[in-house]
Amino acid sequence: AQTVTQSQPEMSVQEAETVTLSCTYDTSESNYYLFWYKQPPSRQMILVIRQEAYKQQNATENRFSVNFQKAAKSFSLKISDSQLGDTAMYFCAHKGGSEKLVFGKGTKLTVNP
Amino acid sequence: DSGVTQTPKHLITATGQRVTLRCSPRSGDLSVYWYQQSLDQGLQFLIQYYNGEERAKGNILERFSAQQFPDLHSELNLSSLELGDSALYFCAGSAREGGTDTQYFGPGTRLTVL
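Top line first, the protein sequences correspond to chains A and B.
Its first residue numbered 1, the first sequence is counted upward by one per residue in the working numbering.
Its first residue numbered 114, the second sequence is counted upward by one per residue in the working numbering.
Hints should not be assumed to be uniformly reliable.
[Said to hold, decoys possible] Computed list of lysine to any residue pairs in SDA-like fashion (alpha-carbon distance at most 20 Å, straight line): (1) B:Lys170 - A:Asn62; (2) A:Lys105 - B:Gly155; (3) A:Lys105 - B:Gln157; (4) B:Lys122 - A:Pro40; (5) B:Lys170 - A:Tyr32; (6) A:Lys55 - A:Lys70; (7) B:Lys122 - A:Thr27; (8) B:Lys170 - A:Met89; (9) A:Lys108 - B:Gly155; (10) A:Lys78 - A:Ala53; (11) A:Lys78 - A:Gly96; (12) A:Lys70 - A:Pro41; (13) A:Lys70 - B:Thr213; (14) A:Lys105 - B:Ser199; (15) B:Lys122 - A:Ala1; (16) A:Lys108 - B:Gln154; (17) B:Lys170 - A:Ala1; (18) A:Lys78 - A:Gln2; (19) B:Lys122 - B:Ala208; (20) B:Lys122 - A:Ser30; (21) A:Lys55 - B:Gly141; (22) B:Lys170 - A:Pro41; (23) A:Lys105 - B:Thr213; (24) A:Lys105 - B:Arg209; (25) B:Lys170 - B:Glu188; (26) A:Lys55 - B:Ile173; (27) A:Lys105 - A:Lys55; (28) A:Lys108 - B:Leu201; (29) B:Lys170 - A:Ser98; (30) A:Lys105 - B:Lys122; (31) A:Lys78 - A:Glu61.
[Unchecked claim] According to the in silico footprint, chain B covers these stretches of chain A (three or more CB under 8 Å from chain B): (32) 44-50; (33) 94-101.
No lab work stands behind these hints, which were simulated from the structure alone.
All C-beta atoms, glycine included, are put in the ideal place defined by N, C-alpha and C.
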């Protein structure tokens with residue numbers, strides 16, 4: 001079974017600085033996808049970024065980028081130029097051959113002014 | 114706004130009761146997924162429907178059931194409710210992007226069982 005581990009329960013960063021959230025996963029599948037979702041205080045789950053395991057190039061979406069290390073089964077999220085609106089819970093998720101998402105327990109990120 | 118709608122937003126009920134949560138995916142989304150988010154279990158997959166048929170089942174209790182209708186909206190039925198069923202219930206629709214189905218979540222229904 002797939003597992004996803006987020007080892008940082010809480011993190012904080014100053015506005016305009018860069019922060020990296022860690023995620024490791026375990027899977028026996030060769031073809032899979034990884035996601036980062038953001039859950040702000042409104043509780044809405046918002047897709048941040050997606051990475052296909054067969055792609056070596058790291059995905060980027062504006063200020064958000066990932067460092068995907070397939071051999072190490074690591075998938076970290078880097079947020080550049082942090083903004084107050086980035087304050088949220090961030091969940092790493094794995095999706096393999098089955099359709100379901102397997103989530104980590106989340107990292108609570110606080111951006112301080 | 115993901116375009117996935119869920120009703121109601123909040124639901125307060127008593128133990129032993131039955132409730133129905135409703136989800137409408139975006140136009141074109143054939144799949145609907147249900148997830149439960151609780152403090153102790155985190156985010157857990159419950160069940161998936163694709164074009165009216167059950168496709169995958171996760172940690173869904175026997176007291177819970179779901180269905181997807183011809184117009185593709187879905188309902189999650191929770192019966193014989195217990196205090197531990199208090200949670201945020203999400204549904205997600207999916208769109209084919211980049212070779213896989215990317216799931217877009219609705220705003221959730223917060224269920225409180227008293």
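To see whether the hints hold, each was checked on the structure:
1. B:Lys170 - A:Asn62: Cα-Cα ~35 Å, so violated.
2. A:Lys105 - B:Gly155: At roughly 6 Å apart (the allowed maximum being 20 Å), Gly155 of chain B and Lys105 of chain A satisfy the hint.
3. A:Lys105 - B:Gln157: holds, 10 Å
4. B:Lys122 - A:Pro40: The given pair, whose Cα atoms are some 16 Å apart, holds under the 20 Å limit.
5. B:Lys170 - A:Tyr32: holds, 19 Å
6. A:Lys55 - A:Lys70: Given pair Lys55 of chain A, Lys70 of chain A holds - Cα atoms ~10 Å apart, limit 20 Å.
7. B:Lys122 - A:Thr27: Between Lys122 of chain B and Thr27 of chain A the Cα gap is close to 35 Å, so the pair fails against 20 Å, i.e. violated.
8. B:Lys170 - A:Met89: Given pair Lys170 of chain B, Met89 of chain A is violated - Cα atoms ~26 Å apart, limit 20 Å.
9. A:Lys108 - B:Gly155: Between Lys108 of chain A and Gly155 of chain B the Cα gap is close to 13 Å, so the pair holds against 20 Å.
10. A:Lys78 - A:Ala53: Satisfied, since the Cα-Cα distance of roughly 18 Å is no more than 20 Å.
11. A:Lys78 - A:Gly96: violated, 23 Å
12. A:Lys70 - A:Pro41: violated, 32 Å
13. A:Lys70 - B:Thr213: holds, 18 Å
14. A:Lys105 - B:Ser199: With Cα atoms ~18 Å apart, Lys105 of chain A and Ser199 of chain B stay inside 20 Å; holds.
15. B:Lys122 - A:Ala1: violated, 32 Å
16. A:Lys108 - B:Gln154: holds, 16 Å
17. B:Lys170 - A:Ala1: holds, 14 Å
18. A:Lys78 - A:Gln2: violated, 23 Å
19. B:Lys122 - B:Ala208: Violated. Lys122 of chain B to Ala208 of chain B sits at ~24 Å, over the 20 Å cutoff.
20. B:Lys122 - A:Ser30: Violated. Lys122 of chain B to Ser30 of chain A sits at ~39 Å, over the 20 Å cutoff.
21. A:Lys55 - B:Gly141: Judged against 20 Å, a Cα distance of about 27 Å means the pair is violated.
22. B:Lys170 - A:Pro41: Roughly 29 Å separates the two Cα atoms, so the pair is violated.
23. A:Lys105 - B:Thr213: violated, 23 Å
24. A:Lys105 - B:Arg209: Measuring from Cα to Cα gives roughly 26 Å; hence the hint is violated.
25. B:Lys170 - B:Glu188: holds, 15 Å
26. A:Lys55 - B:Ile173: violated, 33 Å
27. A:Lys105 - A:Lys55: Status violated; Cα separation ~26 Å.
28. A:Lys108 - B:Leu201: The given pair, whose Cα atoms are some 18 Å apart, holds under the 20 Å limit.
29. B:Lys170 - A:Ser98: Distance of about 10 Å is within 20 Å: holds.
30. A:Lys105 - B:Lys122: Distance of about 23 Å is beyond 20 Å: violated.
31. A:Lys78 - A:Glu61: Holds. Lys78 of chain A to Glu61 of chain A sits at ~10 Å (cutoff 20 Å).
32. 44-50: Our answer is that it holds, as 5 residues pass the Cβ test (under 8 Å) against chain B, meeting three.
33. 94-101: holds (count 5)
In the structure shown, a violation is registered for the earlier hints numbered 1, 7, 8, 11, 12, 15, 18, 19, 20, 21, 22, 23, 24, 26, 27, 30, in ascending order.
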